[in-house]
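Chemist: Chains as they are written, first to last, in our numbering: chain E, 2 to 441; chain F, 2 to 441.
Hints are computed from structural coordinates only; laboratory data are not their basis. Heads up, a few of these hints could be off.
When chains are identical, the list treats them as one kind, so a pair holds in a single copy or across two.
Stated by the list, open to error - In silico DSS-like links for lysine-lysine, alpha-carbon gap of 27 Å or less: (1) K87 / K256; (2) K430 / K98; (3) K196 / K256; (4) K256 / K324; (5) K196 / K98; (6) K196 / K146; (7) K158 / K88.
All figures in this text were calculated on a predicted structure; none of them were measured in a lab.
Number of protein chains: 2
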Amino acid sequence: MPNDYDIVIVGAGILGLSSAYHLKKNNQGKSILVIDRFGDVAQGNTARSNAMFRNTFTSRDNLILSDTSIDFYLDTQKSGVDLGLKKSGYLWIMSEKQLSSSERYIQKMLDNKIELRTYDRQELKRLLPTLKTMFGESDESRLLKIPDIAGAAFGVKCGRLDPEKLSRFYSDGFRALGGKIAFNSNVRSLIAGVKEPLGIEGEPFVWQEGRVTGVSVEGELQGEIRADTVVIAAGVWNNELLDPIGIDGHVKAKKRQLFTVSAKQNPSLQALIHTTGFNNIDVLPFVILPKSGCYVKALEENNEFWLGCEDEFNRPYLNIPEKTLDNCKAEPSYYEQSLYPILRSYFPEFENAKPAQMWAGYYSMNTVDSMPFVFEENGMIIAGGGSGSGIMKGDAMGRIVDAVYREGDHAVTTLYGGRSYEADRMSFKNRSVEREEWVI
Amino acid sequence: MPNDYDIVIVGAGILGLSSAYHLKKNNQGKSILVIDRFGDVAQGNTARSNAMFRNTFTSRDNLILSDTSIDFYLDTQKSGVDLGLKKSGYLWIMSEKQLSSSERYIQKMLDNKIELRTYDRQELKRLLPTLKTMFGESDESRLLKIPDIAGAAFGVKCGRLDPEKLSRFYSDGFRALGGKIAFNSNVRSLIAGVKEPLGIEGEPFVWQEGRVTGVSVEGELQGEIRADTVVIAAGVWNNELLDPIGIDGHVKAKKRQLFTVSAKQNPSLQALIHTTGFNNIDVLPFVILPKSGCYVKALEENNEFWLGCEDEFNRPYLNIPEKTLDNCKAEPSYYEQSLYPILRSYFPEFENAKPAQMWAGYYSMNTVDSMPFVFEENGMIIAGGGSGSGIMKGDAMGRIVDAVYREGDHAVTTLYGGRSYEADRMSFKNRSVEREEWVI
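Sequences and hints are given; from them, build the entire structure.
Modeler: In structure tokens, the structure reads:
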């Protein structure tokens with residue numbers, strides 16, 4: 002019986018779509034179907050992302066995956082496709098302790114030709130006059146353990162993009178080449194079979210070479226879809242498909258929340274948005290504060306900020322989140338009790354600021370090293386583990402999936418711009434990714 | 002408020018008890034409580050284990066962890082404590098392909114002074130005259146893809162022990178030193194707090210240093226038990242406690258099944274049990290067949306065999322199994338359709354053999370590298386990932402937990418016999434365990 006498709010890709014988020022695009026482009030004779038349970042592209046965690054990008058990593062792997070992807074995004078937008086991309090920069094504001102522990106990593110990044118500027122406290126104060134840098138003996142800052150600011154580092158090839166526009170770019174390209182997408186179709190399970198079935202009840206037996214032979218789908222698309230290769234790019238839902246067939250999807254979901262604050266009625270917040278001196282669009286860069294990963298993103302086109310911070314301890318891991326994200330909601334108390342006290346300590350203009358909107362999504366965490374992975378197993382290519390930086394590495398990841406499809410685990414991928422990358426570094430069998438050292 | 006205990010250990014399996022024993026021995030002034038939901042020691046997966054031990058590993062870490070633990074078990078039994086230990090040896094029977102791919106690993110093990118003998122087909126036939134080594138063109142062996150046998154490797158410092166006796170040795174020693182064990186007590190959750198709480202609803206906030214301050218228990222022991230350090234040694238139930246507080250327990254459970262076959266009515270099976278020439282107890286060693294990890298364990302004292310094989314693909318992973326093992330059962334069809342066809346192909350004396358008893362338990366799989374781990378995090382020491390070889394490394398693991406308690410992640414542990422081991426190799430932050438290469 003011939004297969005229905007050469008390749009079925011589960012997931013129409015950024016990773017599935019980038020994979021679909023590069024697979025179709027380099028294997029035009031192959032029939033490829035993308036399946037997603039939502040009604041359009043990027044309706045899962047891709048759309049809920051903060052969608053920032055940066056190339057400021059010490060890890061060789063992080064650098065090449067992000068830097069080449071960013072180049073592709075920049076050139077794509079330059080060629081006339083609007084990806085909502087703004088090269089606004091990243092500003093890490095640091096305590097004395099962070100600054101001194103970062104010194105060698107900053108030097109390493111500079112040696113690797115990453116565009117990075119540093120500021121001391123005075124230079125920073127000149128650029129951001131309202132930023133509070135010294136806290137003295139105030140009770141609240143002592144209680145919050147708010148550190149004084151000693152300086153900052155600024156990443157130039159960093160900024161933000163629109164994840165839905167980027168996803169649409171890939172899906173349009175994929176469909177233009179003849180690729181198909183089935184929306185509103187839930188892949189309920191993977192079909193565990195054998196390459197040459199005997200037709201005996203209970204296969205695969207232990208003495209057979211088992212493999213995934215397709216997917217079982219319900220929704221607008223129904224029934225069993227047979228494929229030669231199944232690509233698993235379902236993000237935090239990877240385990241839902243893989244646990245039942247005894248393969249670890251190597252991700253756990255961790256909720257992350259975003260809160261918007263409008264600057265419309267507040268001239269001092271408006272002034273903060275239009276900070277000059279960092280980038281050529283005269284907008285406040287993405288600011289990371291020296292406490293709890295608290296960050297401030299200015300969106301000048303909406304006259305608003307997006308705010309968040311990173312809670313690790315006591316923020317649950319989910320092995321398999323619910324199928325929908327309906328119950329994945331932001332918590333007002335998280336803004337009030339965790340984020341806001343830090344935010345207004347450093348930027349007094351946020352005093353009394355209330356969130357206008359809030360939402361939450363899941364990071365797809367690779368809990369071992371927070372680095373992404375691509376590996377082949379039993380008729381599948383499994384990709385994921387973005388760990389909060391999946392979109393900025395999305396183009397490279399799609400190219401690696403394609404290379405593994407064509408050449409197997411030992412593929413050497415040519416990433417955008419011509420740099421080569423050994424896919425096997427990202428496998429688990431022979432994992433050798435360089436861990437990120439600059440984590441502040 | 003003073004803590005109830007200095008250390009609370011969750012889990013009275015081999016890992017929890019070995020940890021309890023070594024912690025109490027080296028920290029006699031500290032109060033230590035072990036909590037377990039079952040009614041006695043080793044009532045979870047420890048008791049359901051095959052409980053074999055071997056030191057035949059290429060990985061430096063596997064070797065030192067198992068070899069020093071085995072030495073401790075051997076000397077303990079020599080000193081008069083019955084651990085049910087039999088040094089019956091391990092016999093890997095191999096196909097041509099396995100033999101040739103094993104060559105360099107066998108040499109490496111020999112270089113590392115591991116006692117290992119090799120046999121060619123003829124020598125093997127002389128020792129095991131009933132073993133079928135050549136299959137010709139038979140339909141069934143072609144169907145099953147049963148490979149011909151080319152030779153074997155025999156591990157000398159290998160054998161079996163009684164996991165309940167070993168567990169009792171540790172628990173007796175622990176209690177003799179004043180340690181306490183609470184049975185029939187279920188640790189429902191870890192208490193996520195802060196070292197110096199402010200007493201505000203909702204702590205820990207993101208700007209606080211969160212840590213586990215105790216456990217919440219129901220059963221014979223009730224309520225909140227506060228401890229300075231909580232040791233998580235709950236095996237496949239690690240995630241049940243750790244996922245909710247956002248720390249990955251780094252294990253998934255995979256069911257493994259054991260089937261017994263009696264030799265009582267069968268002289269040829271009896272003869273197989275009393276195979277001579279391998280060890281000084283004249284018993285068939287633990288035999289691993291060259292297909293699907295199918296193995297044969299002879300128990301001369303019961304006049305029976307224990308049989309099993311290893312299914313990877315399509316055997317589900319569980320992130321958190323049920324609290325009891327009541328529904329973790331062996332499947333008769335697994336014996337009949339998967340194990341038996343392989344078994345009787347090689348050992349015709351098993352023709353028509355039916356299982357007398359069967360049971361199942363869970364391997365606590367570290368899905369990244371199948372190696373165990375110990376790491377410190379937020380007031381806890383988390384240990385696990387035995388991946389099917391936890392008992393044989395149990396003594397070393399307990400010593401490492403103790404060293405990490407006393408000296409932190411960077412502890413250098415002195416294992417039994419005096420060899421030293423850097424605990425940090427087994428952490429995740431700085432993981433540097435050597436992966437096992439000899440996997441056949």
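Chemist: With reference to the structure, classify each hint as holding or not holding.
Modeler: Hint check results:
no. : hint        : in the structure
1   : K87 / K256  : within (26 Å within a copy, 50 Å between copies)
2   : K430 / K98  : between (37 Å within a copy, 20 Å between copies)
3   : K196 / K256 : between (39 Å within a copy, 25 Å between copies)
4   : K256 / K324 : both (15 Å within a copy, 26 Å between copies)
5   : K196 / K98  : between (57 Å within a copy, 22 Å between copies)
6   : K196 / K146 : between (60 Å within a copy, 14 Å between copies)
7   : K158 / K88  : within (7 Å within a copy, 63 Å between copies)
Taken one by one, the earlier hints all hold for this structure without exception.
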